[in-house]
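Given the coordinates of chain A, work out where chains B, C, D and E with the ligands should sit on it, guided by the hints.
Protein chains in written order, with our numbering: chain A, 1 to 266; chain B, 1 to 266; chain C, 1 to 282; chain D, 1 to 282; chain E, 1 to 318.
Possibly wrong hints are sitting among the right ones.
Unchecked claim - For lysine to any residue, the following SDA-like pairs were computed, each having C-alpha atoms within a straight-line distance of at most 25 angstroms:
| id | chain 1 | residue 1 | chain 2 | residue 2 |
| --- | --- | --- | --- | --- |
| 1 | C | K144 | A | F182 |
| 2 | E | K167 | A | W132 |
| 3 | E | K99 | E | D288 |
| 4 | B | K266 | C | P103 |
| 5 | C | K144 | B | V163 |
| 6 | B | K266 | D | W104 |
| 7 | C | K123 | A | F182 |
| 8 | C | K144 | A | S164 |
| 9 | E | K167 | E | G186 |
| 10 | E | K40 | E | E235 |
| 11 | C | K123 | C | D109 |
| 12 | C | K144 | C | M182 |
| 13 | B | K266 | D | T84 |
| 14 | E | K99 | E | I144 |
| 15 | A | K266 | A | D218 |
| 16 | E | K40 | E | T259 |
| 17 | D | K144 | B | Q41 |
| 18 | A | K122 | B | Q41 |
| 19 | B | K266 | C | E98 |
| 20 | E | K99 | E | S110 |
| 21 | D | K144 | B | V262 |
| 22 | E | K167 | E | I151 |
| 23 | A | K266 | C | M102 |
| 24 | A | K266 | C | R147 |
| 25 | A | K266 | B | A102 |
| 26 | E | K167 | B | L47 |
| 27 | C | K144 | C | H165 |
| 28 | C | K123 | C | P103 |
| 29 | E | K99 | E | D44 |
| 30 | A | K122 | B | L191 |
| 31 | B | K266 | C | S61 |
| 32 | B | K266 | A | S167 |
Said to hold, decoys possible - Ranges between beta-carbon positions, derived for each pair:
| id | chain 1 | residue 1 | chain 2 | residue 2 | range |
| --- | --- | --- | --- | --- | --- |
| 33 | B | A246 | D | A120 | 13 to 23 angstroms |
| 34 | A | R264 | D | R225 | 19 to 29 angstroms |
| 35 | D | V26 | C | P103 | 20 to 30 angstroms |
| 36 | A | A80 | D | R119 | 56 to 66 angstroms |
| 37 | B | I263 | D | R119 | 24 to 34 angstroms |
| 38 | B | V31 | A | A80 | 34 to 44 angstroms |
| 39 | A | F27 | E | E300 | 49 to 59 angstroms |
| 40 | D | R130 | B | W103 | 37 to 47 angstroms |
Hints were generated in silico from the structure; no laboratory data involved. Glycine included, every Cβ here is placed at the ideal spot set by N, Cα and C.
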Amino acid sequence: MSHSTAPTGRATAPRTGLRRLAGAPGFAPLVMLVGLVAVWQVCVRVLDVPFYLLPAPSDIWTAGVDNWGLLWSNALVTLAETLVGFALSAVVGVLLAVVMVAWPLAGRALYPVLVASQVIPKVAIAPLFVVWIGTGVTTSSLIAFVMAFFPVVVNATQGLNSVSEGSLHLMRSMGASQWQVFRYLRLPSALPFIITGLQLAIAFAIVGAIVGEFVGSDSGLGYLLIVTQGNLMTDTLFAALVVLTAMGLLLYYGVELLGRLVIRWK
Amino acid sequence: MSHSTAPTGRATAPRTGLRRLAGAPGFAPLVMLVGLVAVWQVCVRVLDVPFYLLPAPSDIWTAGVDNWGLLWSNALVTLAETLVGFALSAVVGVLLAVVMVAWPLAGRALYPVLVASQVIPKVAIAPLFVVWIGTGVTTSSLIAFVMAFFPVVVNATQGLNSVSEGSLHLMRSMGASQWQVFRYLRLPSALPFIITGLQLAIAFAIVGAIVGEFVGSDSGLGYLLIVTQGNLMTDTLFAALVVLTAMGLLLYYGVELLGRLVIRWK
Amino acid sequence: MAAPGQAAAPASGRAARIGISGVERVYASTRSSVTALHDLTTEVPGGQFLSLLGPSGCGKSTLLRLIAGLEHPTSGTIEVGGTTVTAPHPDLGMVFQEDLLMPWRTVIDNILLQADVRRADRKAMRDRARELLAQVGLEACENKYPRELSGGMRQRVGICRAILHDPRLLLMDEPFAALDAMTRDQMAVDLADMAAQRDTTVVFVTHSISEAVFLSDRILVMSPRPGRVVADITVDLPRPRGLHVRETPRFADYVGQVTEVFEDLGILRDRRPAGHHEGTQR
Amino acid sequence: MAAPGQAAAPASGRAARIGISGVERVYASTRSSVTALHDLTTEVPGGQFLSLLGPSGCGKSTLLRLIAGLEHPTSGTIEVGGTTVTAPHPDLGMVFQEDLLMPWRTVIDNILLQADVRRADRKAMRDRARELLAQVGLEACENKYPRELSGGMRQRVGICRAILHDPRLLLMDEPFAALDAMTRDQMAVDLADMAAQRDTTVVFVTHSISEAVFLSDRILVMSPRPGRVVADITVDLPRPRGLHVRETPRFADYVGQVTEVFEDLGILRDRRPAGHHEGTQR
Amino acid sequence: GTAGGAAGTTDADGNREVRVALDWNSYVAYHAPLVIAQEKGFFDEEGITTTLQLTAGSKDGVLAVGTGKADIGWVDLSTAAASMMSGLPVVSVATVQHKNATGLTVLEDSAIQEPDDVRGLRIGSTPGGSDSTLVPAFLSANDIPEDDVTIVNLPANGKIAALLAGKVDAISGQGYYAQSAIADAGEEARTLLYSDAGADVLDHGFVAGNALTDGDGETITAFLRAYRKGLDYTEENQEEACEVLAAESDGTLTESFCTSQLSGWLELVPAADTDAPWGSNSESAWADTIDILQTYGGVEGDTAVADMYTNDFLPDGQ
Ligand SMILES: Nc1ncnc2c1ncn2[C@@H]1O[C@H](COP(=O)(O)OP(=O)(O)OP(=O)(O)O)[C@@H](O)[C@H]1O
Ligand SMILES: Nc1ncnc2c1ncn2[C@@H]1O[C@H](COP(=O)(O)OP(=O)(O)OP(=O)(O)O)[C@@H](O)[C@H]1O
Ligand SMILES: [Mg+2]
Ligand SMILES: [Mg+2]
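Only chain A is shown next, with the shape it has when bound in the complex (with noise of 0.2 angstroms):
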C-alpha cells in the first residue's frame, strides 16, 4: 500500500498518456516480444543462418498461416490432455501432501517412490505404458499428470507446514481435530503455497502432454512436432513451438489470475 504512494511516484512529473500505456501489465511482455522477433529475424536473414536449423519468423508466420486448421485442431488436443493431468495433479498433489503433513511417516515411506516418479524418464519406460495404457490421450493426460503433481506436492507441503505454533495453539484451545486444524488453518494458509505450485504445475503438464503424444498418439501438437521435425518441416515445427508457446502462456496466468481471485484477502 505505501508502496504504489512511494516518494518516486510523487517527486516525478505526472504522468503522460505514453507512461500509462507503458505502466500497463500487458505493455513490457509485448515490447519485449516484439524486440524478440525483429531480433531473430534480423539475425537470421543477415547471418543467414540455414532454414533447415531456425526459419526467420516470416517463415514461421506463413506456414503459420497455411497449416492454421492443422495446428489448431492439434493445440486443441493437446490443450485437452494438458488440462485433464493438470486438474488430475492439482487434486492428487494436494491430497498427497495432506496426507504426508498428517501423516509424518506415510510421507516418509512415499517421497522416494514420488522423487523416483520424477527422476525415471518417461521415454524410457514408454514400452509399460504402451501395453498397460495403451497409446493417445489417455497415456499423454497420464504423463502430463506425473510430470506435473511433484511441484504441487513440495509446494503444499511447505504451505500445509507454514502455519505458525501460535495459530495451531488457538486451534488446538477450541478443540479442534486434526481434520478441522487443516480445513481452518493449514489449507488457508497453503493456499498461495498451493498456487505457486500448480503455476510450476500447469507448465509441466504441458511438458507432460506433449512428451505423452511423443511416446505414441495420432494427434496433438507433440505428434505434429514429430512428424513435422521428421519430415524437416522447420518452419511447420517452429509454428508448432509458437502456438505451444502461447497455449503456455495462457494456461499460466490463467492459474495467476486463478490465483489472485483466490486469494483476496491481501
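For chains B, C, D and E with the ligands alone, coordinates are given in the frame of chain A:
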C-alpha cells in the same frame, strides 16, 4: 515443541526397542522399498510378465552387478552434469527472481520468455543445441539447467514477496536501500522457499541431464538407457533406472539436509 | 473434539476447578535451557477469578499454556475439573498475547471460527458474535479483514472469539494491553459481570495492578527466573463491583499490598548508585 | 540511505521540528473507505516530547507512520526539519506496535540490524547494544532467538533496536504496552533522560495517562472516526522528573485534565440505561 | 588442404584425418565394417586415419557433415535426401545398402503372407520416422485405401512390446532389427519388406560435405576402398567382427545381438556380381526416393536429384 509431547505420546505404553526403530527416519522408506521390491518380484514371477517389458528385481540385480563398472562410470557423468546444471539453476534462478522482484517491469517482460523456455520441448529444438553447443556434457548440463531453474525462480519470487508490510516499514524506517531490504529482509525470508525450489530443481536437473544425454551424448545414464533399450538389454536398462533413482533420492535428500543446516532458527 | 480429556470432564454446569501441583517447565534447547516455572503448586476453585501478575518473562504465558493443555509440564501435574490435563479442556476459551487472527477471514468470520470448530449453530452464533462486536465497539468492522484494523481493534476481536461460546474456563493473556484506559475499564466491568453470571473460572494475566484488584477474587504475584509464586492475595471486595470501588480505601489497600510485593521483588536491574532521579528510590 | 529527504535534512545536531498541516489520511478499498485522520494541523518543536493519547482505532499509529514517511497523507503535508517528508528521516528511530523482530536473527543481531543497515561500526555498536540490553534487563538473552522470548522481552528488544543509533527523531508506538508496572516505570525514567540529554524529538503513543503526563512536554488527545485532535495540553512540570513527581498535586491535576477530556469524548459505546454498575456513570 | 574443414589435415604419420559421423549414439551391427577396417588397418593402408563420431541419429549425422563437424557420414540416405532437399550442403558418395530394410514385421504364425492381407489390421508405426513415410507409400502401391488399416502410432521402443502383447498385428520398421529383437524374446517373426512390395527408398550409404568433394576426392575414394575391404572381411568373419565391435562398444552391445542383426543386414547389401560398380548411386533409386518423400512425407524443396549424389569417387571407377 508441544507436538512432540502431545497427549497421545504420553497416554500410550512406553516405546519398545522395535517401536523406536520404527520411528527412525530411514525406517519407513526402507520398509516401503523392501515391500515394493518384494511385490514386484512376486508379480513378475506369478503373472509371468515378459522379460522385455519388466524384468524381475532379481534379474535387475544380476545385471547391475555384472555391469557395475558401466553403470558407475556413466552415473558419475550424469551426476556431474546434474550438479553443474543444478548449481547454475540455483544461482541464475535466484538472481532472476531478485531482478523480477526489484524491477517488476523487467519481471513482466521476462516472464513469457521463461514460461516459453519451459513449455518448448527440449527434444524439439535439440538440433539447435547440437549445432550451436555441440553434443555431450555441455548440452546436458545446459538442458539440466533450463529444466531446473524455473521452480527456483517461481518459488524464490514467492519467497521474496512473502515479507509483511510491517517488516518493510521497519527496514524503510532505518533508511534501508532496496539492496539492503533484499539482503537483510527479503533474502532471509525467502530462504525456506528457495530451498523448496531447489528440491524441485535437483529432481528436474536430473531429468534434464538425462534428456540431454538422449539428444546427443556418448556417456551418462541417459545414453546408457537409450543404448540398452536399442540393444534389448532390458535388465541393464532397469539397473540403470535403479541407479538413476538412487542418485535422485540421494541428491534430493542432500538438498533437504542443506536446507535444514541453513535454516537453523526454526 | 475427541480429545482424551473430554470424556472425563464433569458434565455439570459448574465451572472447572484447577489444581496445579509441583509444576516445573523447562525450555531446553541444544544451546541452553531455561526454567520458566519452578515447583509451582496452587489450587483455583471453580468459578474463581484469578489474576497473574509479575514482571515480564516470569512465566505467566507459560503457565496459561500449561493450564490450557497446549504444552505439558516437565514435571508435576495440572488438573482441570479433577482430570489431569492432557489436551485442551473441551469448554475452554483463550485469549492469546498475540492476536492470532486469520488474515483470510473477516472480523466476524474470525470470531465465528470458534463456532465452526465447535460445530455450533452458525446462525445463532452469528447473532451472538454481532452482539459481542457491538459490546466492544466494533459493530462497524464486521466485514473488514484483520489487516485493516488497528492493534487494539484486533485484540478486541480476539477477545470476542474467546468468549463466543460462553466457556467455563477462560484463560486471558494480557487481553487489554493495547486498549486505552476508558475502553479497558468498560471491558473490565463487562468481563467481571460475565464471569460472575456464567460461573466461569478465569485466569487473567495483566500488568495493571489496579485492574487485577478490580477484577479478581485472588491475585498471584510471580517472580522470574525461575517463575514461582511470591504472593497469594485474596481480594475480598464485595461483588458486583462498580468502577467506583477503585476510589475506596480498601481498594487502595490491596493495590498497595501488591505494589509492595513488587517492590520487594526488586526491579529489573540494580538502580544506578546515585542519580538525579530522587524519585526512583522511593 | 539515498532517500530524497536526506540531502535536505539539517546537518546540525539539533532535533528535528515536525510540522503537520491539514493532513488527511483515507484508507480506501473497493468495499469501503475509512478516514483515519481528518484535517490534522499541529507543530512539534525540535526536542519536544509529545505523547499521543486516544481511544483504540483513532489513528495514532497512522499518524506515526505518516511522520515517519512510511505512508503518505491523502492530502495535506508533513514536514520534518523544514523539509516535506517523502521518505523516512535519515536519523529516525521507530518502535512499532508489533515487535517485528527477524526470526532468523538472535536478539543482539536483531538490535544490530540498525547498525548493519546504517553501515555503522559493528564492533562499537555491539558494545552499545550490550549496554542497552543490560539496561532493559535482557543481558542474559543476547544469543537467543525471538521465538524463545516472552512478549514483553520481544518488545524490549524492539526498543533497543530503535534507539541503538541515538536517533534525533524517535517515534514510539505503545512501546511499554507488554511490560509490568515496575519495568515500565524504570524504562520511562530512562527514556525521559535519554530524550533530554540527546536533544531528541519524541512522539510517543501510549494508553497510560499517567505515563503520558510523566514523560511529556505536551499531550495530544485524539478522538476517533475520523481521527482529530480534541485536546492539546502542555505539561509544565519541571525536568528532570523523578517518579516521585507522580505524587505531586500538579501531576494529579494534569492526569485529571486528560481524564476529563477522555470522559467528554464519551466511551466506546452507549452506556446501558440502568444497571447494577453505579460506578460506570461517574 | 581446403579451407573450412579438417579434411586436408594430416597427422604425425602423414596420414589424412577423416572424421566419420555415425547414425546412432552407440555401435550397431552395421557399424562393424568401419570398426573392422580400423582394427585391421585397412584405413592405414590407404593413408588415412579415421575417428568415429556417434550422433543421435541419421538426421544429426547428416547435419554434422553439412555443418562441417564431420567429413563423411554413415547415414540413412533417404533421411539425407530429405535434408538435401531443404538445402543442406551434402552429397551422397556411395550407396552401400541397396535394399531398404524397412517393412512390416509380423509374428511367424501370422496370417499375413502378402501385402493384400493387411486390410483391416492394426499396424504399429513410429511417427516422424522413415517407416511412417513408407507406410502410405506401401499402401498406395498395393491399392489399399488408408482407411482399410488402422495405424497405431508407437514409440520406437514400444513397437516390439506392442506386437508381442497383441496390441497390433504388424509393426513397421527395420525388419532384421525387429526379427532379432523378437527372437531375443523367444518368438519367431518374419518381415514383408516394402522394397519387395513396390515402395522402395534408399537405405544406408555415405555422404560427404563439399570440403571433401570439391578438392579432396581421392580421400573419399581411398576411404571407400578401405571400407570395402572392411565390409568383405566382415561378411566372411561375422563372429569375429561382432567380437571386435562388442569389445569396442564398452559393453553397450552384446555379441549375440550383434551377430543376429549383422547377418540380417548383410543380406541387404548387394552381392559382388551386380552390374554397376560397388557403391553406385542409382539415378532411379534416388528419383524414386525423392518421389516418395515428396508424396508421402511432406518433404519440400527444389534441389535437383542429380545434385544429391555423385559416383565420381567410387573406388572401382566407371
Ligand atoms: N518457546 C520457548 N522456548 C524457549 N524459551 C521460552 C519459550 N517460551 C518462553 N520461554 C522462556 O520462558 C520464560 C517465561 O516466558 P513467558 O512467555 O511465560 O513469560 P511471561 O511471563 O508471559 O512474560 P511477558 O509478560 O513478557 O509476556 C522466559 O524467560 C522465556 O524466555
Ligand atoms: N492498512 C489499513 N487499511 C485500512 N484501514 C486501516 C489500515 N490501517 C489502519 N486503518 C484504519 O484506520 C483507523 C486508525 O488506525 P490506527 O492503527 O492508526 O489506530 P490506532 O490509534 O493506532 O489504534 P490502536 O490504539 O488500537 O493501535 C482504524 O479505524 C483502522 O481500521
Ligand atoms: Mg506473556
Ligand atoms: Mg496503533
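Okay, which hints does this one fail, numbers in order? As far as the earlier hints go, 13, 15, 17, 29, 30, 33, 39 are violated by this structure, in ascending order.
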